[in-house]
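Sequences listed follow chains A and B, in order. Residues in the first sequence are numbered consecutively from -10, following my numbering. Residues in the second sequence are numbered consecutively from 155, following my numbering.
Possibly wrong hints are sitting among the right ones.
Calculated lysine to aspartate or glutamate pairs in the EDC-like style (CA-CA distance at most 16 Å, straight line) [claimed, not checked]: (1) LYS90(A) - GLU60(A); (2) LYS371(A) - GLU187(B); (3) LYS533(A) - ASP168(B); (4) LYS373(A) - GLU205(B); (5) LYS212(A) - GLU231(A); (6) LYS278(A) - ASP302(A); (7) LYS371(A) - GLU214(B).
No lab work stands behind these hints: they were computed from the structure.
What follows is each chain in one-letter form.
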Amino acid sequence: MANEDQSLWITFNGEIFNYVELRNELIKKGYRFRTQSDTEVILHLYEEKGDACVRDLNGQWAFAIWDPKRERLFLSRDRLGVRPLFYARMKEGFGFASEIKSLLAIPSLPREIDPLALDQIFTFWVTIPPTTMFAGISELPPGHCLTLQEGKIDITPYWTLDYDGDARIKGEKEAREELLALLIDAIRLRLRSDVPVGAYLSGGLDSTVIAALIKKLGVTHLKTFSVAFEDKAFDESPFQEEASRFLGTDHQTIVCRPSDIGRVFPEVIWHTETPIVRAAPAPLFLLSKLVREQGYKVVLTGEGSDEVLGGYDIFKEAKIRRFWAKQPQSKFRPLLLRRLYPYMKNLQAQSDAYLRAFFHVRKEEINSPFFSHLPRWEMTSKLKLFFSREMKERIGSPEPLRQLEKRLPCGYGQWEPFAQSQYLETAYLLPGYILSSQGDRMAMAHSVEGRFPFLDYRVVQFAARLPSRLKMRVLNEKYLLKQAAVSLIPDTIRKRHKQPYRAPDSQSFLVPGRPQVMVDYAEEALSPQAIREAGLFDPDRVGKLVEKVRAGQAIGVKDNMAFVGILSAQLVVDRFIKHFPREYTR
Amino acid sequence: MTSIEAQVRQYVTDRLLFGRSDVVVDGETSFLESGLIDSTGVLELVAFLEECFRIKVEDEDLVPANLDSVNALVKFIESKSANLINTSS
Chain A
-10 MANEDQSLWI TFNGEIFNYV ELRNELIKKG YRFRTQSDTE VILHLYEEKG
40 DACVRDLNGQ WAFAIWDPKR ERLFLSRDRL GVRPLFYARM KEGFGFASEI
90 KSLLAIPSLP REIDPLALDQ IFTFWVTIPP TTMFAGISEL PPGHCLTLQE
140 GKIDITPYWT LDYDGDARIK GEKEAREELL ALLIDAIRLR LRSDVPVGAY
190 LSGGLDSTVI AALIKKLGVT HLKTFSVAFE DKAFDESPFQ EEASRFLGTD
240 HQTIVCRPSD IGRVFPEVIW HTETPIVRAA PAPLFLLSKL VREQGYKVVL
290 TGEGSDEVLG GYDIFKEAKI RRFWAKQPQS KFRPLLLRRL YPYMKNLQAQ
340 SDAYLRAFFH VRKEEINSPF FSHLPRWEMT SKLKLFFSRE MKERIGSPEP
390 LRQLEKRLPC GYGQWEPFAQ SQYLETAYLL PGYILSSQGD RMAMAHSVEG
440 RFPFLDYRVV QFAARLPSRL KMRVLNEKYL LKQAAVSLIP DTIRKRHKQP
490 YRAPDSQSFL VPGRPQVMVD YAEEALSPQA IREAGLFDPD RVGKLVEKVR
540 AGQAIGVKDN MAFVGILSAQ LVVDRFIKHF PREYTR
Chain B
155 MTSIEAQVRQ YVTDRLLFGR SDVVVDGETS FLESGLIDST GVLELVAFLE
205 ECFRIKVEDE DLVPANLDSV NALVKFIESK SANLINTSS
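Model the full assembly from the supplied sequences, consistent with the hints where possible.
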């Protein structure tokens, strides 16, 4: 789309939820609109405010504005990274796209794996922007703009997460009221749509609160969608049904069997465009298919709440470990470790002595800026033992943690430890894994748009400045949200022990009824020949892991992560490098 | 190397190192400290001991002092096996 005199051109992927208010302001200033679209609002706002226009936007976006007179390109990505934006510089110019596969279609770009990306994924679960899985292709970080003029690229942040406390927040009551008011407004804006808007209902606190607030805003007929699991260890359907009954929603569920995950996994990887260490995105791929089949194109969903309001177990784990480290000789403090991960049977089966050994704090850890995440990252890094010798040589010694440390914002060291761990989850895992692999990509795979009220930047900014005691009260996660939800949702859901969203991993790739046999593409992708050809992993070691999976003995987190990570990396090589579809390159 | 130690080392190489030969695991290397074992790994290890050496690992035996290195494991298996012989004789 262009403006009236064609002096500016825009291409835009996403939604600006406050476009109505922005449009009215621009009309008052004399701008004329030819359409009712949010795209035109961005264009005129850019004319009015230039690059700073992005500060006024409330939404999820990736857009580019081309100014032919100045020969200047301006790219922007939303604050939290809901919408992806990739770019590449090549000999014939500059390319950008919302999907990596569009860039891989450019003949002069090498379709090659970036070894450092693989090292990052097998440390942090995600690549750290600008790195992507592919050499020569970069990711614009969330909350950043890029300008290209006279051959020079400038990348600048326009928004950053800030956890400095806010003295204005006096007490719990005011905080609760403000949170609720912000959430209601975030939802009100996200219900703006030409098509009916549905909602996901996971059976947990966040999505139930959203559905309840949608109803409160006067939506009489609300369609909700859930994924249920055949395996009761992952299933939350009784809570989903209860929430639906309580709120009176028109509810639809898809039941996911492990074999369903195995069946769709290659398609999932086609949309994630990166290896993943968990199979959990696959059921959400199936869920968005159900949504689309029901004629819905937009859903509101609860992602972001755990990061923003303090829900993750990793926050709890860090709190207990830090508390224990203050009195390492205490006999009572480590007893709190039993409160961690109640849904992990193998961990709960451990003796006290082993629990202590798993979670004890080493001297060098206590002052690390990554204290909360060290156990997870160290555990994931152990999976690098599967890297081939060639890959290890190409990776060299990148010291990923040291690299990440250099990127931390300047105030990070002064934030309280709880805020530091929130930052790491929000700045890296949220855009790189939760939103891209599990959220936006899995929804968009079936052209369903996910909207995330907890990621309205006003909610995020407000929550970031709350004292941590209002996020996790002792060991009670998302305390403030739970208090705000009194009488809004059933108490059984409000008070239930948090169950993180998980799905079956390696067992999903075994053919039901045929012991020791994996689905065809997995057999092929993990064959010694395919492993050798791709060059990423050591065929003998992968062979031993595959043997373990076949025998049904890969029951631990580490083995499962290794299996899913290796299989997905092999599929990335196969689909994006070896057999990249011809229709893309034509 | 005793046969017990050889079997334990084989287990470590196959199941913890997945055949990797460039990592040195000596008799005293801590499985926990070197990240070779996680919570499931401990349970797998117990299953291996019970199956391979026909010993019974009691709850109170589940401590790193018994299970956290090749040497500790060998000692633990030997003492358990001796107990087994004493009990049965």
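Quiz item: Is the Cα-Cα distance between LYS212(A) and GLU231(A) 16 Å or less?
Solution: holds (15 Å)
Exercise. Compare the distance between the alpha carbons of LYS373(A) and GLU205(B) with 16 Å, and conclude whether the hinted pair is satisfied.
Key: violated (30 Å)
Practice problem: Compare the distance between the alpha carbons of LYS371(A) and GLU187(B) with 16 Å, and conclude whether the hinted pair is satisfied. | Solution: Answer holds: LYS371(A) to GLU187(B) is near 12 Å, not above 16 Å.
Exercise. Compare the distance between the alpha carbons of LYS278(A) and ASP302(A) with 16 Å, and conclude whether the hinted pair is satisfied.
Key: Judged against 16 Å, a Cα distance of about 30 Å means the pair is violated.
Quiz item: For the pair supplied as a hint, LYS533(A) and ASP168(B), is the alpha-carbon distance within the 16 Å limit?
Solution: holds (7 Å)
Quiz item: Between LYS90(A) and GLU60(A), does the CA-CA distance stay at or below 16 Å?
Solution: Between LYS90(A) and GLU60(A) the Cα gap is close to 26 Å, so the pair fails against 16 Å, i.e. violated.
Quiz item: LYS371(A) and GLU214(B): Cα distance at most 16 Å?
Solution: It is violated: about 29 Å lies between the C-alpha atoms, which goes past 16 Å.
This entry does not satisfy hints 1, 4, 6 and 7, going by the numbered hints stated previously.
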